[in-house]
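Enquirer: Residue numbers (the working numbering), protein chains in the order written: chain D, 1 to 132; chain C, 1 to 139.
Rather than coming from a laboratory, the hints here were simulated on the basis of the structure.
Fair warning: there could be bad hints in the mix.
Computed spacing ranges between beta-carbons, pair by pair [claimed, not checked]: (1) D:L59 / C:A114: 50 to 58 Å; (2) C:K113 / D:S8: 41 to 49 Å; (3) C:R15 / D:D38: 16 to 24 Å; (4) C:Y81 / D:V63: 20 to 28 Å; (5) D:L96 / C:S60: 48 to 56 Å; (6) D:T117 / C:G45: 43 to 51 Å; (7) C:D18 / D:G77: 15 to 23 Å.
No residue lacks a Cβ here, since even glycine has one placed at the ideal position from N, Cα and C.
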Amino acid sequence: MVQSQELSVQQKKELAPKEEKTVPARYYVPNTDIYETDEALTLVMEVPGVEKKDVNVQLESDVLRVEGRIDFSKYEGLEPVYAEYNVGHYARAFTLSDTIDQDGISAELADGVLTLTLKKAKAALPRRIAIR
Amino acid sequence: MLLPDPLETLSRLQRALDTFQQSDWLESSPSGTGPYPPLNVFRKGDDFVIITELPGIKKSELDIQVKDNAIRVAGAKSVDYTEKASLHRRERSAGRFDRAVTIPVRIDADRVKAEYHDGILALYLPRAEQDKPRSIRIG
Numbered sequence: 001m002v003q004s005q006e007l008s009v010q011q012k013k014e015l016a017p018k019e020e021k022t023v024p025a026r027y028y029v030p031n032t033d034i035y036e037t038d039e040a041l042t043l044v045m046e047v048p049g050v051e052k053k054d055v056n057v058q059l060e061s062d063v064l065r066v067e068g069r070i071d072f073s074k075y076e077g078l079e080p081v082y083a084e085y086n087v088g089h090y091a092r093a094f095t096l097s098d099t100i101d102q103d104g105i106s107a108e109l110a111d112g113v114l115t116l117t118l119k120k121a122k123a124a125l126p127r128r129i130a131i132r
Numbered sequence: 001m002l003l004p005d006p007l008e009t010l011s012r013l014q015r016a017l018d019t020f021q022q023s024d025w026l027e028s029s030p031s032g033t034g035p036y037p038p039l040n041v042f043r044k045g046d047d048f049v050i051i052t053e054l055p056g057i058k059k060s061e062l063d064i065q066v067k068d069n070a071i072r073v074a075g076a077k078s079v080d081y082t083e084k085a086s087l088h089r090r091e092r093s094a095g096r097f098d099r100a101v102t103i104p105v106r107i108d109a110d111r112v113k114a115e116y117h118d119g120i121l122a123l124y125l126p127r128a129e130q131d132k133p134r135s136i137r138i139g
């Protein structure tokens, strides 16, 4: 559904790292939509410039960490003359509740949009109770 | 010999982009509406490359036009959900965009190429032959 209003520019949010990095390269927080259906929780993250091989999705102790690295070798030989946004890798982490089946996570990347589908654990699926 | 550290190269690119965020090299053309999408302009030898981030756009929804030295990028960005979904967080934007900019050099409109990969739109703008700088030899 395409809204008819005009798009405005959202400034890229820089990631405030919990651990310091030794080299001052900036990471950005990808814009994420989170929505839920009966079967799964879906995260849709915008990571333009990230290819499939450069996406890293890790699940460890209930924390889902997503990292997308950009291939900045494409910028070699290009001299900036005017810039309105900066480029960098993307990283974001989410803590999952135990309604998620941790073995049922799938990911797709198309046109810079990463879709993570987190299937809900069977115990969390809604059940209809029949009235006798 | 020390190998170049990839993270160092990235932070150099990021610092270079920071410096050029104050540049007024690009003027908005009078017919342009709105600041979206944000553009970066690079020089590659004599030619120019405009790079912009447009994640999740369908090529059929993208309209690029070039006239003289004005570039227009227009289209619609849509964000779709299945009907029975309940939305917990919404950070992605959706809507129409239409932006026109004027490059301060003459480009060869017939040889402009556009590529869209992984959410990045790149416009290759070759400089017009007459506009190429000529070296002056000191006699």
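Enquirer: Run every hint past the structure and note whether it holds.
Expert: Against the structure, the hints:
Here the CB-CB span from D:L59 to C:A114 is close to 38 Å, at odds with the stated 50 to 58 Å. The hinted window of 41 to 49 Å between C:K113 and D:S8 is violated, with their beta carbons roughly 29 Å apart. Distance hint check: the CB atoms of C:R15 and D:D38 are about 48 Å apart, inconsistent with the given range 16 to 24 Å. For the pair C:Y81 and D:V63, the beta carbons lie near 25 Å from each other, so the given range of 20 to 28 Å is met.
Between D:L96 and C:S60 the beta carbon distance is about 36 Å. The supplied range of 48 to 56 Å is therefore violated. Separated by about 44 Å at the C-beta atoms, D:T117 and C:G45 satisfy the suggested range of 43 to 51 Å. Checked against the hint of 15 to 23 Å, the pair C:D18 and D:G77 passes, with Cβ atoms roughly 20 Å apart.
In this structure, the hints that do not hold are numbers 1, 2, 3 and 5, in rising order.
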